[in-house]
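Chemist: Sequence:
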Amino acid sequence: MKLKSLSTLITIITGTTLSLIVNCEIAQGQTFGEQKIERGSVVPVAVPFGANRHNLLLIEQQSNERDCWEERGSNPVIIEPLLLDFDFTGICGRATDSNGYSIRLGNRDLGWNYALRIVQQNNDLLLVGKPVDGSQSEIVIGRSNGLRNGYKKIILEPGWEISKRTYNGQLLGHYYLSTDNSPLRNTTASRPTSSSSTSNASSSGSSQETVSQEQTQLHDFVDLLCENFNDLPGCRN
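Oh and the sequence shown: position 14 is 14 in UniProt numbering, straight run, nothing missing.
Straight-line Cα separation of at most 20 Å, DMTMM-like style, residue types lysine to aspartate or glutamate; simulated pairs:
(1) 153 <-> 38
(2) 164 <-> 34
(3) 164 <-> 97
(4) 130 <-> 180
(5) 153 <-> 70
(6) 130 <-> 97
(7) 164 <-> 180
(8) 153 <-> 97
(9) 153 <-> 71
(10) 36 <-> 161
(11) 130 <-> 157
(12) 153 <-> 80
Ranges of calculated distance between the beta carbons of each label pair, as one might list FRET restraints:
(13) 173 <-> 120: 28 to 34 Å
(14) 64 <-> 34: 21 to 27 Å
(15) 106 <-> 50: 31 to 37 Å
(16) 181 <-> 72: 29 to 35 Å
(17) 86 <-> 135: 41 to 47 Å
(18) 134 <-> 89: 39 to 45 Å
(19) 48 <-> 134: 24 to 30 Å
(20) 123 <-> 181: 24 to 30 Å
The hints are simulated quantities; they were obtained by calculation from the structure and are not laboratory data.
Built from N, CA and C at the ideal position, the CB exists for glycine as well.
Can you make the complete structure from the sequences, with help from the hints?
Modeler: This is the structure we're talking about:
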């Protein structure tokens, strides 16, 4: 019953916001541009939190006054976030959530279609673009090349780079994980394997597995809504 209520709620939210999302996508495609930035001036980082979970952090070196981060080791490269030790205003830039970064593919802003996530696959962390509606495979954008404690550098896949959003020629603070590769099917990869997905693939699936899968999809969608509309009731700050 709870699942049915949640499904109904998502249907209502989706229906009432669909036109807004479509209009926003059109406006973004017509208005926002992209400017390449110096390679190596921004580092994508997997920041650990909770139980084996990670968030994406982007750190930009904006001036040479002080180093914003330090790298050590390999497979994975460990990042020391030096900017946390001083007032980095005008020296370093950073982005910590979907307000500060999104995916851009072939001159298309896909912020409304894909959410950036870091997921664990075996002994690796993958930076992926996770589709909102689940109709596409996840796009693999980068990987850590190993697991260790601490902040881990994400190495971007060939063809991917970090750029910045522009508006009427003016440089903005929003970052893009960007590629010119098109269409989408050429840049997608299979989702990380989990015990539930393996079970569903090997059998017709029980009703319990179906419910679990639907719950996961619905909760992922709610998480994405909360990222973009964090003032919605029930969304955590």
